[in-house]
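Given the coordinates of chain A, assemble chains B, C and D onto it according to the supplied hints.
Here is what each chain is made of, one letter per residue.
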Amino acid sequence: MNSFSPLIALLLIPLGAILFIIAKAPARMTALVASGLNLAISLLLLLDYPAAQGSYAWEMNFPWVNLQGLPPIRLHFGVDGISLPLVFLTAIVTAAAIAISPGNIRRSSEYYCYLLLMSLGAMGAFISLDIFFFYIFHEFALIPTFLLIGIWGAQNRQFASFQVTIYLMAGSLILLAGLVALIMTLPPEARTFDMIALQSYLNDHPIAVATQNLIFPLLLVGFGILVGLFPFHSWAPPGYASAPPAAAMLHAGILKKFAIYGMIRIAIPMVHDGFEAWLPVLLALLVGNFLYAGLITLAQKELPTMIGFSSIMHMGYLFLGVACWNTIGVSGAVVLMVAHGLSAALLFGLSGEITQRAGENRFAEMGGLAERAPTLAVLFSFASMAAMGVPGLANFAGEVMVFFGSYAAILPVLGPGYAIIAIYGTVLTAIFQLRAIKSIFYGLMPARYEPRAAVAATAGSEGTPAAPGMTDTSALAEHAPYVLLILASLVIGFMPFLLLHIVEPSVSLLPHLK
Amino acid sequence: MIPASDIAYFAPELILTIWAMGLLLAEAFFSLEPRTITSGALAGILACFLVTALFDATPTLFWSDMCKWDGAAKFFHLFFLAVAALVIWMGDEVQEPVSHGRGEFVVLPLFTTVGLMLLAATNDFMLLFISLELATISFYILVAYQRRNLTALEAGVKYLILGGLSSAFLVMGIAYLFGITGSTRFDAIFNWLHGHHALQTGVSFGMLLVLTGVGFKIATVPFHSWAPDVYEGAPNSITAFLSVGSKAGGLIILMRLVLGIFDTESAAAVWIPVLSVGAIASLLLGNLSAIPQRNLKRMLGYSSIGHTGFILVAVIGASVSLAASPYPTDAATGQIAVTVYLVSYLLATFTAFIVLAVLERRLPGLEIHHLAGLSQRSPLLAAAFALSLVSLAGIPPLSGFIAKALVVLVAWNRGLYTLLFFTIFAAVAALYYYLGPIKAMYWSEPLDETPIRLNRATSGVLTALIVLLIVTGFWAQSISALVNGSNLSPNATPAAPVALIQH
Amino acid sequence: MEITLNHYLAVAATLFVIGLMGVMMRRNLIIIYMSLEMMLQAANLTLVAFSRFNGHLDGQVFVFFVITVAAAEVAVGLALIVALFRLRQTTQVDNLTTLKF
Amino acid sequence: MDQYIAWFLLLAPLAASVTILLRLYSPNGAIFASVGSASLCFLIALGIAWGGIVAPTPWMWISLPGSNESPGLEIEIGMIFDALSKGMLLIVTGVGLLVHIFSIGYMAQDPGRARFFGGLSIFMFSMTGIVVSTNLIEMFFFWEGVGLSSYLLIGFWFTKESAAAAANKAFVCNRLADFGFMIGILTYWILMGTVSVKPIDLSNSYHQNAVSLPRVVSILTPEEIAAHTGTAISVRHIGGVNLTSPLLLTIMVLGLFGGCVGKSAMFPFHVWLPDAMEGPTPVSALIHAATMVAAGVYMLCRVYPLLLLSTFGLEFIACIGCFTAIFAALIAVQQNDIKRILAYSTLSQLGYMVMAVGCGGPDAAMFHLTTHAFFKALLFLAAGSVIHALHEEQDIWKMGGLDKKIPLTYWTFLLGMLALIGCPPFSGFFSKDYILADAHAFHPAFYWVGVATAFLTAFYMTRLVVVAFLGSARSKAAEHPHESPLVMTIPLIILAVLSVGSGLWGFWSSDSGMKNFYHNWAINLFSDTDPIPNNGHFITVPEINTGIELGIPFAAVFFGALLSYYLYLDRTTDPLHIRLLARKFYVDELYQRRLVRGQQLLAGLLNWIDAWILDGLILRGGAYISVGFGEVFRLFQTGSLQTYAFIFTLGGVLLIYFTLFAH
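Those sequence lines, one after another, are chains A, B, C and D. Using this note's numbering, the letters of the first sequence map in sequence onto residues 1 to 514. Using this note's numbering, the letters of the second sequence map in sequence onto residues 1 to 503. Using this note's numbering, the letters of the third sequence map in sequence onto residues 1 to 101. Using this note's numbering, the letters of the fourth sequence map in sequence onto residues 1 to 663.
The shape of chain A in the complex, shown without the other chains (with noise of 0.2 Å):
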């Protein structure tokens, strides 16, 4: 219990390696190291996990701070099978994000930097136990998105990063009143801040149910918008669309996952209550994620901000898995977590790609990609595909679960309906993503192909020329990290169980599970 747990190494190495950037190491050699080891890492836990019984594994459990006034702040570290697949999600995004960064960026050494950081702060929420650690180490992240956002974003990116940084910071404020006020209205003897701790306290004292109602709010606006629930979502599309690659896949692939997960951990279980009570209006809101962000991504003309909309989109799912709150729609969300992560990633980065070698991001002046660059359109395919929940690619593991979870339980309203809307959003995503794939690649490539310099040039790296990229100038090799996305997401596809096994026993051990 109080002894040191491999987790921490997680932190420590990127930790580590921002340290030597800083002074003066190769930046990019550096940050691949450490992203490579820790992607090993959390390789080894995933094998090493002690699945049977689902509980905490690997814990750490410092006394930390004990400040007047405040409850007791402990340094407690450990996963289960609910954040163990979401750290092995960072890992892999992290090590992708970082590979496909071109080596010859401007201010490399901060560049690097920041996104480590990012990686950090989402590596560190998600295998904290205790709430005072999981919400500031969230927080890491949200500066060095603005600056990477603001130093190597594209087009709008002054308006972007502030939007951004100003709306999640609004976000977490509200979703710090809404921590504080669960952990405060408990007696003094026992507020603390330690999850588990907290939970099985409220099992037995659950918080008054008109309290409840009033907290429960506060904790849906809060991780609604830091995960762009509908009708919080603004920040993300202009966000992503100006985001430099590596931070879109870092921000979309993993740091949104945190509010579900947060859902998941203490929204629902420990405000249960509250949570019944609301249920109606998060599942209004989540329809509004399915219709109206699937059909505003229908009108998108640029690629970049429709992959934004659509990954706004498929949060929907992820709140539908967690309404229902039985095994089958957790589980299901929990593994459409890393799938999301996995496709988000694939699409942001390659977005990004395309952007940066055609100069170019509205559909309607592209075409014809294929026949220069066939590595490019397959590997895009293979997103789209995943996107789209394409068997053999892990969404549609995840989204098969949260229809089946969804439509056995017992929801307000509508009932069976949320599933049916579900299901029509998949019919949605095939739409636009397979537009998106035949306006970029099929079709014949317009005469007058001449990358304006500006956009490649804000696409993330500097100085690539844009006319030869119209060409596939990459062998396989040069896309590994996209092949090691599109593998991990294919392995996941066709053997589920292997995440499952791990998954299931942790879920059914949440409490108030229908």
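Hints in this document: simulated from the structure, not taken from any laboratory. None of these values were measured; they are calculated from a predicted model. Every residue, glycine too, gets a C-beta built ideally from N, C-alpha and C. Among the clues, some could well be false.
[Unchecked claim] A few chain C positions that, by computed beta-carbon distances, are all more than 12 Å from chain B: (1) MET1; (2) GLU2; (3) ILE3; (4) HIS7.
[Stated by the list, open to error] Now the stretches of chain C that chain D is said to cover, found in silico as 3 or more residues with beta-carbon under 8 Å: (5) 72-83; (6) 87-101.
Leaving out everything else, chains B, C and D in the frame of chain A:
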């Protein structure tokens, strides 16, 4: 432990005063190097600090009950001494040396500090008035110290006139309180108020006048008007001194009054609404009108008005006579919150102003756009300034977050939902202008590439402050050490928060 | 008629308000400063009146302190004003507004 | 060991496709890998058919516990080898292999042929998967897989806008239909607590839910049912919505049928199939004629016991099938593109099969499916050979006089055509008449529509042959075409033999032969459970009546062919001008104008709202308002000392007033 005798408790003030006198004389007779005076002053402060640290915080009245020694007194003594040290060091080391009388410029802050320290320990309105004026009058001089410089003079005059106005209100208020309760002792007045449940108009009239006077010191709306101008006009070190020292002085008085004297049902019914209005107004006006500012010092001036708002929320939350408070121990948390907030505010503000003081000598001006590309020219300065702003914005893992978190916590616990809402709104709005300079420093194109060199002391202090900012945020235990010398071992059972100010 | 406490208070209040008006309306720094002093004296008068009618001396002691402090304040204040006069050859406060917004 | 062999049925094509996709081979290497995997599949299929190879032990794909409100979720990936899957497996792998071989010649010149064969391998993988699936989710898994491969192959010539568009259309149509399919699956799971389609589970489910309902197209309330059957019926929930079992069962059946509607391109979703002809001809032969489009029918037969649970569902299926049959046949009459004519005939034949299932004759449907697979593959490959010979000429009015020049292709095509129109003694004759007999037994109306369709089929196929092959050449290309190489003609010959013989085989005996093979499968559906369920007609057993069985349809076919022969012989242009048919009843236009554009408009509207109202007005508006307030507040900071004094005083006065005197 020093025996609790009158003279002993009075030691810090005595030491500092005598030391300051000595320095003045020494400087007058054998003209010393400014550097030596500075180090002398710092040595004196250090000595005083050590002595003060030796006292334990058990509440005692001394000096025929005119002074009160307790947790708050001790904390604020140490606080003001730390502030003074930083101010004096800045004044000589970092910023443009003053044109004349550098000795006085170093020594005067010592007198201010004595005034503020007395203020922290006062238990009587007479002493309150005198110590307040001692501090304020030396501030008049310090603000307008560059008397060849019109803006400085203008700032000084504005501060002078408005300060005089506020002290007039203060004295008038004191007069009424004294007239009706028949005493100038805090404890006596408190007992009187407990005796008469129905509050007389005269008392609340006096109370309001006094609050007006105090509101001026802590620069809360509507008594804030002086702050932006004076902040902009005064020398950097003095601006920092004003925004931390004088604000803290006002706050300790405010707490002594509203939490020490007026914390009865009937009185609270008067001052809680007043302070709430003040808090909300400060939150909104301070943070919103900081957004369009271009001059950094002015922006920080407005933002300090906003911070007053945040602190006031905690002060209100510390009142035991609040209606909705299921757990009475939470009241004490309010006071903790104030102190923690002040500590983090001290760290962030001084980091910011040290950077500004350095830049003032290097840059054509202190507008935001002058910062362009600072991260290339001097990574340390850029990082320090950015971190201080981030901490002021209350983003983890810096100490500003703990402070804001505590405020939010208190606001929720004490059922101050309206204030909670405005707190969050203000925090978000604040981000808007805190991010601006960061943007300028990190991705605007630099005007000129020449790197900015720092001497060892400055960079050392800045690094130390950065470390403190991060450590106090990430390992808040250190704050609790700073706040109430409570034992550093986190293993100790979570003590129920002890109110610094009790009756 | 017999003079009660309220009469003193009324006079003091009047003085106070006159001073206040002076501070807000006059344009000459010296006069503004005088008005400030007048406000302080009003406060003093109140104190004295109260201590007379309460029948103990604390108030009057306090008055001495106030007067002393006021004297110190005047010294500093006048010094400032003089310095200002050196710079601008006037003690009018009009367009003493380089710091604003 | 031998239980692992079966896995290679899936693994061989998968491995082939993946390796080809990773560009591990030269184009010819890719061809070798793909054809090799296909032939391996065929061998394994033979082994399975003769029982040498047993079903492997399944592995649990997803296994989640249920709860008091939802059943558990157990999805396994396994294989099921019963008569149905064995037969289908032989068809798929056999025809598949032939098409692979044909493609070697057909695609020889194409630079992208490696990609083509990769796609074919993906298809073989998914299609065999569908056939052997043990449960609906597994089936759905491969179901989408064939959709994907069809998407890739339709868009094979992706530089053609039309091809890319057709590919998207096909995929989206299928997705839309699978939307229903998934709902059907979910409902089945809610009702029965399983998604398995093993015969034993199906018949159990059947017996749990079978209530002898009168054959009326209506939903009865539980009370009515209780009144009718004397047994109270359980009320089930989905998602907390109370639904009477019959309604749920109907939803389930219609949902499952939805999947078929998409894959087999039944009426409202038929639009994608003709466009799919944009793909290379072998693809049209294998995927869009012989096997994949038949997957819908196969699936219906697989879950037939479930269909029986909703009479309304069954009748609905029959109606849709019947309508599609005549509808497509009508359109085919006025088409000029050789491949499109065949595509529409495919539609109408699929209509036959679906109608057969709806009329309670899954055996007939499977029988027709088999024969159709042979002769339609034959027709398409022959058409491909023609197109190949004429250098990508597809308009039949630019052909003519080919019978002398490419005799082999002509004769094989002719045989296929005769089989298709159901001219005795070719295979189509037997299977089609079996269906018609079932239809007659079910309801005469279906029978007569079927006959009319037969008439039309004969008409347009004769038109095709007469215009394309007979007469004199009507274009440069048609004047000196060249016969295709052996690698292409041999598959034609084999298929021709099959199309001729497969019906005759065992016609006289009562136990051997294809018809009886399927009939035995069908009547044994429930044999493992007693008692044989309700009132006999879960499988329609047509009464033998030569008049109906042989006479009328044959007459229809004969006159149809005769009429068209004399109408079209030696014509240079089409004497008939029926705009409505030529324009395919304007269905495409309707969809384009109403649905697609409507959705796009809605999307645009929402996008505007999001950009201007939500983001613009509310968010940025809010931000600007705060900034504006900031600008206003700083105006109080006039810099004039006395303003400050005034503000100060005003503040104090107001505080005092409101606290002391305002109440």
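Tested hints:
No beta-carbon of chain B is positioned within 12 Å of the beta-carbon of MET1(C); the least distance is around 22 Å. GLU2(C), annotated as away from the interface, keeps every beta carbon of chain B farther than 12 Å; the closest lies near 19 Å. Its beta-carbon lying about 16 Å from the closest one in chain B, ILE3(C) satisfies the requirement of being farther than 12 Å from that chain. No beta-carbon of chain B comes within 12 Å of the beta-carbon of HIS7(C); the shortest separation is about 14 Å.
Only residues whose beta carbon comes within less than 8 Å of a beta carbon in chain D count, and the segment 72-83 of chain C has 0; fewer than three means the coverage is violated. Residue count for the segment 87-101 of chain C with a Cβ under 8 Å from a Cβ of chain D: 7. That meets the three needed, and the coverage hint holds.
Of the numbered hints listed earlier, the single one contradicted by the structure is hint 5.
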